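Protein chains in written order, with the working numbering: chain C, 1 to 432; chain E, 1 to 432.
With a straight-line Cα cutoff of 30 Å, these simulated DSSO-like cross-link-like pairs (lysine-lysine) come out: (1) C:Lys74 / E:Lys161; (2) C:Lys162 / E:Lys101; (3) C:Lys275 / C:Lys132; (4) E:Lys101 / E:Lys275.
Okay, the calculated bits of chain E under chain C, using three or more residues with CB under 8 Å as the criterion: (5) 42–51; (6) 146–156.
The set of hints was computed from the structure by calculation and includes no laboratory data. Computed from a predicted model, the values in this text were never measured in an experiment. Even glycine gets a Cβ: it sits at the ideal position worked out from N, Cα and C.
There are 2 protein chains.
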Amino acid sequence: MNAESVERKKTPRIVIIGGGFGGLYAAKELMHQPVSVTLLDRTNHHLFQPLLYQVATAGLSPGDIAQPIRHILKEAKNIEIVMEEVARIDGAQKLVITERKPIPYDYLIVAAGARHSYFGHSEWEQFAPGLKSLEDAIELRRRILEAFEFAEIAEDPDERKKALTFVVVGAGPTGVEMAGAIAELAHRSLADDFHHVNPRDARIILVDAAPRVLPAFEAKLSDSARKQLEQLQVEVRTGVMVKDVGPDGVHVGDELISTRTIVWAAGNAASPLAKSLGAELDRAGRVTVNEDLTIAGHPEVFVIGDMALFTHQTGQPLPGVCPVAMQMGRHAAKNILAASEGNPMTRFRYNDKGQMATIGRNRAVADLKVVGFGGFFAWLAWLFIHLIFLIGFRNRIAVFFQWMWAYVTYSRGARLIYGVFRPGRMPEPNSK
Amino acid sequence: MNAESVERKKTPRIVIIGGGFGGLYAAKELMHQPVSVTLLDRTNHHLFQPLLYQVATAGLSPGDIAQPIRHILKEAKNIEIVMEEVARIDGAQKLVITERKPIPYDYLIVAAGARHSYFGHSEWEQFAPGLKSLEDAIELRRRILEAFEFAEIAEDPDERKKALTFVVVGAGPTGVEMAGAIAELAHRSLADDFHHVNPRDARIILVDAAPRVLPAFEAKLSDSARKQLEQLQVEVRTGVMVKDVGPDGVHVGDELISTRTIVWAAGNAASPLAKSLGAELDRAGRVTVNEDLTIAGHPEVFVIGDMALFTHQTGQPLPGVCPVAMQMGRHAAKNILAASEGNPMTRFRYNDKGQMATIGRNRAVADLKVVGFGGFFAWLAWLFIHLIFLIGFRNRIAVFFQWMWAYVTYSRGARLIYGVFRPGRMPEPNSK
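Here chain C stands alone, though its shape is the one from the complex:
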């Protein structure tokens, strides 16, 4: 024991908070290195968030896009995985505080991600859940599928119309993907399964205050995305403000869109853990980081991924997307290895290979920097890249199989309603 604790003292202790892309890629870089790593996550799984919208729209099962973190890192004998929620960080004492016991660190990587933000209207959440976790996706799937069940038994035509109206707030990649997927679900997969309603009558409305969809893409691709959405009969309403959200629906400008199913894809707020660091935060709760990804006054604390506000490269914050988190994770890990050997840290530079968003079967936009394109080839590129990055060989086969199946049959494999995960469920029929 004594020899071991002496040995321990010399080995740098690194704590990583969060097993998303940032935390996982940092851990992979630190694997088999002469450091002792503890990775904390409140769930037991790494989630492939870019495909979460497919769980929410019954295309994939939760197990297809999530893998136990413990299993991904099973070869890493120097990495301990702990399933536990972090309460706060004590930067002065270099301690991560959990319910169980404080965990000391020499270096800390904070990669706890973001939740959705309601711009000060947290009471909207119960009516318009967002899409960040598996629980979120299963809850949205339940709401979307139950809306059709409710429409089928509703006798009041207004109630039926309300049940068949779906509003997605926010036309970034998540909003565009959700709107397209709900449209395909309604107009294709469910189209012939009901007696009293025709799911083809479902209205899917995508609203955003910005003047165009996918504002982070170039204007040509925004136009292409809008056209592709309209081919799927999604009503796109840009340049309009959401004023209120409630049990009756969404107030957009002066109009009430009557609906019982609202998806919130409009804003992000960094994990509240950011606050306990005592560093400077922006409006979205992100932590201003230095060029080497550390924070002011704490050269041993790194903040990465959706929680980090990094403006050193372009003057603008880097977007909250997977490649940024992965690259930051790797870079933070390399800087720690360098520092622990007495070498200087290096500055982070994001290698931007472009961005893409899928809109539906055969429909997508891809902005690969050298070339931007929309339609079938963008969709193929999207499919291919997401399969490559999906963690775990088994998941890749399962997802590929389900996609091919969905492509051939237009059906969806995971049309299940179960569970009530959160309060705020509307007091409508079909309660279990």
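We have chain C; now place chain E onto it with these hints.
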């Protein structure tokens, strides 16, 4: 409209309560017949219950063993599917009462199944959930996987030992399957994923008051099952009574088995809907049915599946297994078609093709009437028959793929912890 309502009057209205094997097979028999059918279920899916234990032990995903009822019966234009919970049955008025509105019937098929029973100790449920629904399976999966996570961070050796002890109460097919699957999960799939505990140390204890496991099988097969369980290092304790269940564990005889994970597979109670029929019930809440599956005084009401007490064939009640429910469903439907054409109903006879239970990889027992056997070939037979009966071609491929994968790699594809579905979760760490 008028012609249609005249037409309606002549068409017998049949209501089926429950979309399990009994209800679904009745519906399939009534498909395309000159009758108007309403199938009510409180969920949107038909569940392949025989494989539910594989969801509870992370081998399969919920979507693999469940299909939307609406989708299975999409070709049946004379069958309306309504996702709604039935409150009670008004046999005098011939009405099924739901939250929404009463549904009138000319013929009624009650196939609402069973829940588990705690022999008057309903307070045990929170500590020892059973396995009937997808929610049950996801809850058990969460508890089983969390037990290992908790053992990994526990510092008190007793707490660690408690976390690594799993007790299955009831050694019928479900209990045997659960015990075998937990043993394989612990000793194989999870074996190398932890740092501080060795899942191979997990104790899996199967207890039953009966003198042997699988009491419905012949003694030779019971012995074979017991030996196969012991090869998987399951401790089998038969002939012992469970006296109490609580947060500390299970009291068996004079002994407390300290555990935080208990699976209840000991008893069944028919759906409480049986009560509202006003018919004679047995201790398990089952309704005594006539030889034609109707109930006393109500030749228009059929009770089938796990809810029915049918003793006319052998003097003993028929077991609560899928083939009984399927055959009863078909027979009730045929009797309704006969009666509606003025023909006499026929008596039901169960065509017993045998029974089987799986114990693990390569391990099972099969009692096929002409021949009974255990081991690899029983396991192959089990695998084959379950694939055949699994509803839906897509599910069959997905399940086959996952089984083959699990067989080759010993890994499990659905090791996810999420959601809290019911109260009674123990106040331990790892809460989300």
